[in-house]
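**Student:** Please take these sequences and the hints and turn them into a complete structure.
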Amino acid sequence: MKTATELKDIANQVFTCEKKAVEKLAEQLDNNFPEAVKTLFLAKGRVIITGIGKSANIANKIVSTLNSTGTPAIFMHAADAIHGDLGIIQPDDVVICISKSGNTPEIKVLVPLIKNTGNTLVAIVGNSGSYLASQADIVLNTTVDCEADPNNLAPTASTTAQLVMGDALAVALLECRRFSATDFAKYHPGGALGKQLYMRVSDIYKNNERPLVPPDATISDTILEMTGKRLGCTVVGQGYDYCGIITDGDLRRMLKSNASVDGLKAADIMSKKPKTVLDTDFAANALSIMRHNSITQLVVTNADGQYLGIIHLHDLLREGIV
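Numbering-wise (my numbering), the sequence shown opens with residue 506 and increments by one.
Just so you know, the hints here were simulated from the structure itself, not pulled from any lab data. Note that the coordinates shown come from a computational prediction; the quantities given were computed from them, not determined experimentally. Backbone N, C-alpha and C fix where the C-beta goes; we use that ideal spot for every residue, glycine too. Careful: at least some of the hints might be erroneous.
In silico EDC-like cross-links for lysine to aspartate or glutamate, where the CA-CA straight-line distance does not exceed 16 Å [stated by the list, open to error]:
# : residue 1 : residue 2
1 : K778      : D746
2 : K777      : D755
3 : K761      : D773
4 : K549      : D597
5 : K529      : D650
Here are the simulated distance ranges between beta carbons [said to hold, decoys possible]:
# : residue 1 : residue 2 : range
6 : K549      : H819      : 28 to 36 Å
7 : D654      : M506      : 14 to 22 Å
8 : K513      : T544      : 40 to 48 Å
9 : T521      : A548      : 53 to 61 Å
**Tutor:** Here is the structure:
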């Protein structure tokens, strides 16, 4: 077994090798890249991505990235394609073929079949002198100097280069489509990411009660309102108008500074100008305000500044926003 130092040295060697592979992509980038983006952007059909072996795994990931950023894409395994799955390809589709060598038997069989359909063929290939590169309409060069393993055999740096090229295509297409965070949310409705992109404060605060005491409320009544509504605070005001907030922290500070609370009113201990959030804001924005101010609740208002309710950090935790 290698020592800890030796293992870290191996990791750093891999990082350096793959970093150089990505840097080489920038050196090799030519007008084929914008041509590929333009072709994919203007395509009336889908993007069909194919490959064999580790390149097939990379193809699957690129398909997922394209689909999640507004470009319809389908994976077609190169081996399955020559045994019946070629029917996936429709007349308006663009085909991307990924291969390190560009000379594998499956690729040599598949490429002529794609060419016969008349579909545009884009090659992401690590050998610019290969059969695939010579037959493709557009070639994206992902040649690397070496793999990261000591035998220079295991697909490591080469698959990283393929993946990065696919990401570059996806991001370029995303920007060409002016794909916004709102668009992104449509494709990611589940989980914390989706909720951050579509869930608004109004979706959450309405599940809470609306704590409120008048400015002249006694401390006893104030505490009862806070404990009864279970939000650790109460707004001070009348109806939809508010002038302050009282939190657990305000109560603790009051007890430390006053030997007696007799005669004190809500207005005497409230914090003026509480932090607020609009009901139409994203819930993620409410979380950002809480984090920035090191607080756990916000007063929710509408565009007219009227007090609507309270949103609490626990609400965001419960919804998986945090």
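**Student:** Evaluate each hint against the coordinates.
**Tutor:** Quick rundown of the hints versus the structure:
{"no.": "1", "hint": "K778 to D746", "in the structure": "holds, 12 Å"}
{"no.": "2", "hint": "K777 to D755", "in the structure": "holds, 11 Å"}
{"no.": "3", "hint": "K761 to D773", "in the structure": "holds, 14 Å"}
{"no.": "4", "hint": "K549 to D597", "in the structure": "holds, 6 Å"}
{"no.": "5", "hint": "K529 to D650", "in the structure": "holds, 9 Å"}
{"no.": "6", "hint": "K549 to H819: 28 to 36 Å", "in the structure": "violated, 49 Å"}
{"no.": "7", "hint": "D654 to M506: 14 to 22 Å", "in the structure": "holds, 18 Å"}
{"no.": "8", "hint": "K513 to T544: 40 to 48 Å", "in the structure": "holds, 44 Å"}
{"no.": "9", "hint": "T521 to A548: 53 to 61 Å", "in the structure": "violated, 38 Å"}
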